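Please put together the full structure from these sequences, using the hints given.
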Amino acid sequence: MVRDIISTMAEDPQGEAEILVEGPPEGFGAEIGERLSAEIGSCPDVAFAHLARVTVVGDSSGPQPSLFVWLVPSAMGSLRSSLNLVSEAVARALPDDLYLDVLILNSAPELLSDVEGAGRLVAERDPDERRRALTAAGLEQGRARSLEDAVIP
Numbered sequence: 001m002v003r004d005i006i007s008t009m010a011e012d013p014q015g016e017a018e019i020l021v022e023g024p025p026e027g028f029g030a031e032i033g034e035r036l037s038a039e040i041g042s043c044p045d046v047a048f049a050h051l052a053r054v055t056v057v058g059d060s061s062g063p064q065p066s067l068f069v070w071l072v073p074s075a076m077g078s079l080r081s082s083l084n085l086v087s088e089a090v091a092r093a094l095p096d097d098l099y100l101d102v103l104i105l106n107s108a109p110e111l112l113s114d115v116e117g118a119g120r121l122v123a124e125r126d127p128d129e130r131r132r133a134l135t136a137a138g139l140e141q142g143r144a145r146s147l148e149d150a151v152i153p
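Everything in the sequence shown is counted per my numbering, starting at 1 for the first residue and increasing by one.
These are computed hints drawn from the structure, not numbers from a lab. Quick caveat: nothing in here was measured; it's all calculated off a predicted structure. It is possible that some hints are incorrect.
[As the list claims (entries may be wrong)] What follows is a list of derived Cβ distance ranges for each label pair:
1. 84 / 32: 16 to 26 Å
2. 79 / 30: 26 to 36 Å
3. 88 / 138: 18 to 28 Å
4. 42 / 99: 35 to 45 Å
Positions of the beta carbon are idealized from the N, C-alpha and C atoms, including for glycine.
Set out below in structure tokens:
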């Protein structure tokens with residue numbers, strides 16, 4: 001199942017919802033992680049994706065498992081289509097009792113540093129686009145984790 005954390009953020013009339021990005025969620029074992037990596041890795045619109053826990057400060061639901069995806073530039077013209085493809089991939093990868101919020105990281109590049117630092121890289125289809133995004137965000141190349149270093153437990 002896929003939830004939309006953005007709708008929770010949109011309910012904040014000030015538009016100032018604080019988001020905390022933490023390490024990968026529990027309950028996503030190796031088998032689920034491998035399926036998620038394979039499914040997201042097969043989405044042509046995804047440059048890279050991270051799995052993390054997200055807390056919207058003030059929201060009583062607590063930390064939510066979340067998938068941050070960075071889309072290739074050509075996919076930005078059709079966000080709905082891209083989000084649908086990613087959502088379908090997530091649904092195929094997860095059992096019915098698990099869900100993920102899906103967030104388009106291109107729409108919130110200010111979170112890239114937090115996501116890179118706390119999240120678990122689950123797919124990297126376009127290393128050049130990831131490098132470009134990191135450089136544009138002013139992140140040091142040494143700080144970014146490679147897919148080989150990001151083993152999903």
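Worksheet item: Quick check: which numbered hints come out false for this structure?
Response: Structure breaks hints 3, 4.
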